[in-house]
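Chains A, B and C, in that order, are what the protein sequence lines are.
With the working numbering, the residue at position 94 of the first sequence is 96, and numbering never jumps.
With the working numbering, the residue at position 35 of the second sequence is 37, and numbering never jumps.
With the working numbering, the residue at position 197 of the third sequence is 199, and numbering never jumps.
Derived from the structure by calculation, the hints contain no laboratory data.
Hints may contain errors.
Which copy is meant is left open, because identical chains are indistinguishable; a pair holds if it fits in one copy or across any two.
[Stated by the list, open to error] Cut-off 25 Å, straight-line C-alpha distance, at most; resulting in silico cross-link-like pairs (DSS-like, lysine-lysine):
#	residue 1	residue 2
1	Lys5	Lys98
2	Lys205	Lys5
3	Lys149	Lys98
4	Lys14	Lys224
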Amino acid sequence: MFKATIDADILKTAIETLSVLVDEARFRISPEGIVVRAVDPANVAMVSFDLSSSAFDEFNADDSEIGMDLSKINDIFSVAGRDEKVVMELDEMSQKMSLHLGGLSYTLALLDPSTIRAEPRIPQLELPAEVVLNGKDLQRAVKAAEKISDHMLLGIDEDVFYMEAEGDTDRVRLDMTRDSLIDLKSGEARSLFSLDYLSDIVKPASRSNEVTVELGKDFPVKIGFTIANGAGKIGYLLAPRIESD
Amino acid sequence: MFKATIDADILKTAIETLSVLVDEARFRISPEGIVVRAVDPANVAMVSFDLSSSAFDEFNADDSEIGMDLSKINDIFSVAGRDEKVVMELDEMSQKMSLHLGGLSYTLALLDPSTIRAEPRIPQLELPAEVVLNGKDLQRAVKAAEKISDHMLLGIDEDVFYMEAEGDTDRVRLDMTRDSLIDLKSGEARSLFSLDYLSDIVKPASRSNEVTVELGKDFPVKIGFTIANGAGKIGYLLAPRIESD
Amino acid sequence: MFKATIDADILKTAIETLSVLVDEARFRISPEGIVVRAVDPANVAMVSFDLSSSAFDEFNADDSEIGMDLSKINDIFSVAGRDEKVVMELDEMSQKMSLHLGGLSYTLALLDPSTIRAEPRIPQLELPAEVVLNGKDLQRAVKAAEKISDHMLLGIDEDVFYMEAEGDTDRVRLDMTRDSLIDLKSGEARSLFSLDYLSDIVKPASRSNEVTVELGKDFPVKIGFTIANGAGKIGYLLAPRIESD
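Isolated chain A (complex conformation) (with noise of 0.2 Å):
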């Protein structure tokens, strides 16, 4: 059984920090809430999805788990009305999940789990740097970059936080120290990543007023935020590039 009440907005921002990497998330839902752990098809990134059942309105759940397209839900949210508010119910009959939005019903085929990709078993990482910031920032480097190179390096030198992306013959730097930072806790740490993933990591971060990044030497990084007003958690594991100079 699962029958849910979520704000449609919510549900719209939940839905695209997982599309942003793949095509078909396994849900898997419990009476405390839903999780998601997947792996984007080149197994670069990673992302783990935390929605808490306080994030709903109304939140009825057994334990199960469910396949979906996730560009059939973003097709729903393109006609959804701001403040609309998604009432979703799953039919195990019929394998179907129904959507009800300002008075409209959608009926989704579910996806038969098991033609869908695992869960990774996400790694326990401990980074020895960290940085937390406005994802708007993170945006702007990350868009900066992008002009002249296909991967950026982040790193910490000292009390400064700085993203850095080298073209044939141009360079572009952001320094953050301490006082544009919300918080900074130092170490070793300078890894090139793609910016591919980069940018679609931080379409949804950029909406997050506090996003933080835990960096180590050529390792991976982590960017983690809350969603639905903090009753929701978002953490991705991006693999690093080697630097080739």
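Take the given structure of chain A and dock chains B and C to it, following the hints.
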């Protein structure tokens, strides 16, 4: 003789009701106003257009018939500002129409009406059921349906007007009861229509607060509304598709 | 030595006046300001660009000449916020320009000026007629003309400045009399111009309330306006096309 002045906005909206179905049209002009009857190239939809002389600030006309390329008129409006007046004047000698707006003068060659498809005879159908609703609701259901199918059912089930589309695995449905409709005359009604056409027709209809939809069982639908603050009347007639199941 | 600070908006607008005609430009820097003279690859249009040191908040420069890729600078501005300052600094040793804005630092490789087309000699033309008008009016006529033709006549007929375009069957004309112009110096003037070029030139010109248009009979047109609140001066010279009729 034909010389008339009208709000650019009103004329633009009026022309759009035709250009969603046809590229060229025969305009029948008389002292009472302008009348167009047109059918789309595939013979699926007809439009009946009546714009009374009272929609104009100034209207002087003898009886005449002219052919015009609607895309050219739309081009002109794409540079028109808000709240501008258009002055139209027919030069019968040269078979040109001049349009003056915001200081600009356009001189458009008319088309020979005999080269444009003849006016269709619009069938006088008595349809058993009728609903009156806000054009925005109609448009919303059509947009939602387009995401999953090429065609859409319109029907009445006792006191409920429904719009429904079915894809390979998914379904979307909008049920509207008496209290969310402006009016409902119940009757046997359930017909399937092409979303290509519905989508074109609801574009101009969505600007009207009161759209009348007349329906039958496997019969054409009539979709009517007023333009020009009531001084114009638009009626579409759209042929049904055969339901295959 | 070159180090200067300027509003991002002002610099962006200034660069656009060049980038509508050329991709790369030679900037001649002196203590008085920055000068560019450039001609488009097809030799149809020239631009003369003068930005006084007074357009800058801070301006320290020796005489020098540098080459820059304008599209790279435009890329940088695409991530700039409103009301930001840009600090530019030239590193003569490495032949790089650094731009700092909103925390971001860009380092751009300069182009060897000798690889960029030499500065054209701008002919000193005395043109018999001149009109001064709002850039928006000029842009509007050009946009209307583009709908029906590839070229456009600019001319003066006694006290009327006209812009006219003729398609195969249609015609558009904007007549502006003394009272809708800021100034008019009548004279024999009627020349035909390519709309491709006019359309590019009116983009930056449309932001100016006062654009000066100097004309003759089958002669180039000079289109001039100020930027940077009067501290910069832009002049285009556009060659005429031969009228075929």
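Could you tell me which of the hints above the structure violates, numbers in ascending order? Per hint list: single violation, 2.
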